[in-house]
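Participant: Residue numbers (my numbering), protein chains in the order written: chain A, 1 to 325; chain B, 326 to 650; chain C, 651 to 991; chain D, 992 to 1332.
Hint data in this document are derived by calculation from the structure and do not stem from the laboratory.
Computed from a predicted structure; not experimentally measured.
Using N, Cα and C, we set each Cβ at its ideal position, and we do this for glycine too.
Treat the hints loosely; a few may be bogus.
As the list claims (entries may be wrong) - Coverage of chain D stretches by chain A, computed from C-beta distances (three or more under 8 angstroms per stretch; other residues unrestricted):
no., region
1, 1108-1116
2, 1165-1171
3, 1179-1186
4, 1191-1200
5, 1308-1317
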Amino acid sequence: MPELTYREAVRDGLVQAMRADDRVFIMGEDIAEMGGSMGVTQGLLDEFGSERVRNTPISEMAIVGAGIGAAMAGMRPVVEIMYEDFLTLSLEQIVNQAAKHRYMSGGQITVPLTIRTQGGAGWSPGAQHAQQLEAWLVHVPGLKVAYPSTPQDVRGLLWTAIHDDNPVVVFEHRLLYPVKGEVSEELEPIPLGKARVVREGTDVTVIAIGPLVHRALEAAKQAEEEGISVEIVDPRTLQPLDEEALVASVKKTNRAVVAHEAVTRMGFGAEVTAVLQHQAFDYLDAPIERVGAKFTPLAFAPVMEQYVIPHAEDVLAAIKRTVGK
Amino acid sequence: MPELTYREAVRDGLVQAMRADDRVFIMGEDIAEMGGSMGVTQGLLDEFGSERVRNTPISEMAIVGAGIGAAMAGMRPVVEIMYEDFLTLSLEQIVNQAAKHRYMSGGQITVPLTIRTQGGAGWSPGAQHAQQLEAWLVHVPGLKVAYPSTPQDVRGLLWTAIHDDNPVVVFEHRLLYPVKGEVSEELEPIPLGKARVVREGTDVTVIAIGPLVHRALEAAKQAEEEGISVEIVDPRTLQPLDEEALVASVKKTNRAVVAHEAVTRMGFGAEVTAVLQHQAFDYLDAPIERVGAKFTPLAFAPVMEQYVIPHAEDVLAAIKRTVGK
Amino acid sequence: MVLHWSATLTAGAYTPGTLAKVERETTVGEGTLREFLHDMLLIRRFEEKVEERFRAGELPGFLHVAIGQEAVAVGVCRAMEEDDIFASTHRAHGHTLARGSNPRRVMAELYGKVEGVSHGYGGSMHLYDVERGNYGANAVIGGGLPAVTGAGLAFKMRNEPRVAVAFFGDGATNIGTFHESLNLAQLWRTKTVFVCENNHWAESTPGCQHSPVWDDMSKRALAFNMRSTKVDGQDVEAVYAAAREALEYARSGEGPVFLDVLTYRMHGHYIGDPQVYRSKEDREAAAYHDPIPRLRERLGLSDEEFEAFDEEAHRVVDDALEFAKSGTDPKPEDALKNVYA
Amino acid sequence: MVLHWSATLTAGAYTPGTLAKVERETTVGEGTLREFLHDMLLIRRFEEKVEERFRAGELPGFLHVAIGQEAVAVGVCRAMEEDDIFASTHRAHGHTLARGSNPRRVMAELYGKVEGVSHGYGGSMHLYDVERGNYGANAVIGGGLPAVTGAGLAFKMRNEPRVAVAFFGDGATNIGTFHESLNLAQLWRTKTVFVCENNHWAESTPGCQHSPVWDDMSKRALAFNMRSTKVDGQDVEAVYAAAREALEYARSGEGPVFLDVLTYRMHGHYIGDPQVYRSKEDREAAAYHDPIPRLRERLGLSDEEFEAFDEEAHRVVDDALEFAKSGTDPKPEDALKNVYA
Ligand SMILES: Cc1ncc(C[n+]2csc(CCOP(=O)(O)OP(=O)(O)O)c2C)c(N)n1
Ligand SMILES: Cc1ncc(C[n+]2csc(CCOP(=O)(O)OP(=O)(O)O)c2C)c(N)n1
Ligand SMILES: [Mg+2]
Ligand SMILES: [Mg+2]
């Protein structure tokens, strides 16, 4: 199987979708000549031209909103919000418009819009360039939300998002872009709403998303050395959520840790915890542990930043708490 | 003790704060001559004049942001966002600015800003005028969040919010405005972060916020007739959260229901559930039940709207599930 | 009755630097003007009926009527071609009727019925009728503007002879969304027409209290070098002429157009609004600028002729009401449908 | 060296309809100009050092330098009074130094040290120094504009002779926040000055690709009837004169002012930006408009005189670097402080 970086996988997903269907086009700040602030869209301007690779002004509201309008008018736009912190500037359009047109129209309108964004800490970008805000969007009926953690997943989920008839927000993580992984020869679409068992185990289930999947893998290896067998499940899609897969795993292991980089309080882990304790109440041998960022904005100084965000050892510590070690 | 409506109590809180301190002033759409779209600020223009009661253009971002700037420059502004659905237009300022200035400046800046907003379903306002979005703000370090359910609480919490040196978002509920309740003769400031036991009971704890406090009270009465003793706790402040009080109650009753009007998925109840299952794991005799709106935007037609939002009977049904009836 | 119109109100188009009068070459024939009157009266009687039924407690939610602004809706919507689309606001009944949606289905929507244009999911502030080019009324101020920009972009990219039109009020010119949308539309020369209905009020806030350029909204378009046209919104002929010109310009792909339409809100912001903030003089001035008597005069209609029009309007509205009232309530659990495609 | 400046670049102020030349009555003496040169060189050498240390891998995060834009920072900040305040952007080092923050503490912040102006919590994009009137550099485009409006409102309400100044780039004129802030400021005549540093680029996007009025940003101010002044941002004297005038106008309470400053970004958007999107000609043009040689020529400095200035700048920067490098790392758990007051 070939290897791609996460960045290349996103790009490949976009390129293939644009080649296959000329309704697909991309818009965003600095995505054309520069190829995006993360280099994801490099080369696309050359291949597809400036009509389909559109550099926008700094207008997050209009970027998303123009995507909505083009989608309603029959296109399949993919818009990029450079940092997810700037979702705060476009939520009106995402939440009140994209998510609700179909409903408010009683089914007349379709909004096949994909919103790509990225974020994440660990490189000292400061408090306004590193938030993880996926939880907000999970609270919004009418949206679908994906947060792929590997090249194979991001390519397959992005493809599916683009072809879905609903607005889908795809979260990428800054630190994942250079990470390499195997991908199938042919692009394999991955259905929204299907979790992936990343690693099998018997003592405790770690439900992790984005970069925490990788940190959980590290933690699992260390746990193994201490005789704890860890299963890791990556929901991949946060909405719709594959509750069945998560619950099944926890019913098997009887213990759970939920891990993400976002602030723990009111983070996605809260929802997963609430679902698990409800559906697997009788199976749980220990409280479900949550791993996430501490309750503070992100500090600039690396020592403080690293203190705030969750690492493999935080996942490990949580694993150990569940098994009473 | 005198009685006030919730609306009058908010007004009284504002008036008293403005009388006591001329750094306090209010800004918002249609709050002057018209007295606000909910009539909350009626009469304030007459008493305080147009310098301190400022009608704004429709500019949710600038309303909040101007409040931030005035606060940094030593005022104590209270800004109104007419419907919380329009928080989606000002989140950049609330989340990236108000919540983070103090932190990013390493403690140099103070933002004593109060943001009042309201929302809520039950009167067919349609999908864009009825969302309950308090959960989003609980996810943001640097903000405080209150959601008072009674006249006494709203007056006292608003007072405290205005005098707090941090940005505080106060959620009011449209259907609570006409609700009457006893208030103390003198305004009693209520500390942020202190829950209130609304009703004592022994079989199950209902943790409810906003209008659900009232619906829970109804449910509790009906439950009582069926021999179930319900304790109701209203956190009042969602951030900081009085975890101690909630946990203490659940340790006593061994069962919990969490209820709000927001969509259940990723709602505030998820966070409360995650906290409770962690801190009271060994005390829980049943899964924690969540009560909230079904996962859909709000429909206009009353029959559909009523189907979506949670009622007293939904709370009752959840109570019964916890006690196995 | 002699009506006085301020000099600034004659239809005229200007792009930065120039100021050119629109020639009334597109002036319509009397037959068409009679159709306009028909539509305007339909809207007027529809809105009056809605007020009445709302006050009677029959209608859920809250509603905003377009009484006084009929000429804008009719002038613009009649100027649109079959494939053109539009987005409206919280004050959407007029635009929707003017574009030819079935009054029965519009009324049914206000009653939350399955037969409604949005099948009861939308309500007054969320009228949709895709078959009639209505891509949605929006209850968030400015909320529909980016989408109309994006739709105009799609038409441009696909080289289609279609235009996307946005209606919005004076108050909406203050929201950032407005600014971003116009900028993007002009930059990309999308096939979009922005119709600013300056009715002098944003809820209780008069223009002078919400915008430094409330008396000349075209200045907002100048900030983007966007072509703009000023038009007297109480003169349906003028609106029609300006709208046709704007639509043709946009359709050609040259770029978007801003229509700066002066009009009047004759009633309260929402039904039931006591308008404590509004002087008697202002209300009288608004009434004075009623577009319907003006068109009647232009057509030189006798009382009998006008009555015939009016009766027809009443008849259609009564029929719509009856239809709506006997409509079907959705099933409660239908609330869970249409969340996703 | 003879420099050619386009006619549009002479300092001039216009309000809608009129176009009046700013008289250079405020022209400063040579002593002051020498101070300006001192400050500009300090910024230049500081930024160069930062580039060097970043490339050496010493500095965390990402940084944006103001090389080429020194005259704007110095002209405006020197025109401010002691109690005036300002908000900056992601490109904040220049403004902060020009306003007199201690270079040691600015450098220390870039190294994430306790001694930094934001005590290591902020970083390059979040420099704060309340004592020097710096109410925060903002990494969200347009993010600081509403606050500066609000602070200007507070000064106005309290009748204080203070002004709040916002710096922002050409790219920022496209975000809704910009529009809402200017509208509110003009409506309420807040004591605010908006300084638009049009350096021709927003990251990789040239002005012509992001704004239909990129070559005349003053049009944005016209949309609010806001007083605006065009100024050549490479001429520190002109910037100073225009800024003084703007500040006095705002200070008087008459209303806000928009400064439309034309300047050049001589380096990449961020340090390390390969600028693949940028032509050699464009880079050369930017270099050609370097404000430092221009001021040097204006002052008629000999090589030795200039060298003396430059050495001083290097000395201060080296000292700052040493200070920063030997600064104190915060304790990890200090991350939990300062979340709330
Ligand atoms: C973003 C937003 N803010 C506030 C409101 C509340 N609101 C509804 S209508 C209205 C006034 C709108 O004025 P204008 O745009 O002039 O339209 P008009 O009502 O005059 O037709 C306001 C403030 C809203 N719907 N959306
Ligand atoms: C709201 C927002 N969108 C996007 C960005 C990413 N970004 C950082 S700087 C920049 C370009 C800014 O251009 P301009 O305002 O002209 O300032 P300059 O960099 O030229 O000083 C962009 C797009 C951001 N910081 N904030
Ligand atoms: Mg209006
Ligand atoms: Mg720039």
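Participant: If a hint holds in the structure, say so; if it does not, say that too.
Facilitator: Evaluation of the provided hints:
1. 1108-1116: It holds, with 7 qualifying residues against the three required.
2. 1165-1171: Since three or more residues must qualify, the claim that chain A covers the region 1165-1171 of chain D holds, with 4 doing so at under 8 angstroms.
3. 1179-1186: violated (count 0)
4. 1191-1200: holds (count 5)
5. 1308-1317: violated (count 0)
Checked against the numbered hints above, the structure violates hints 3, 5; every other hint is satisfied.
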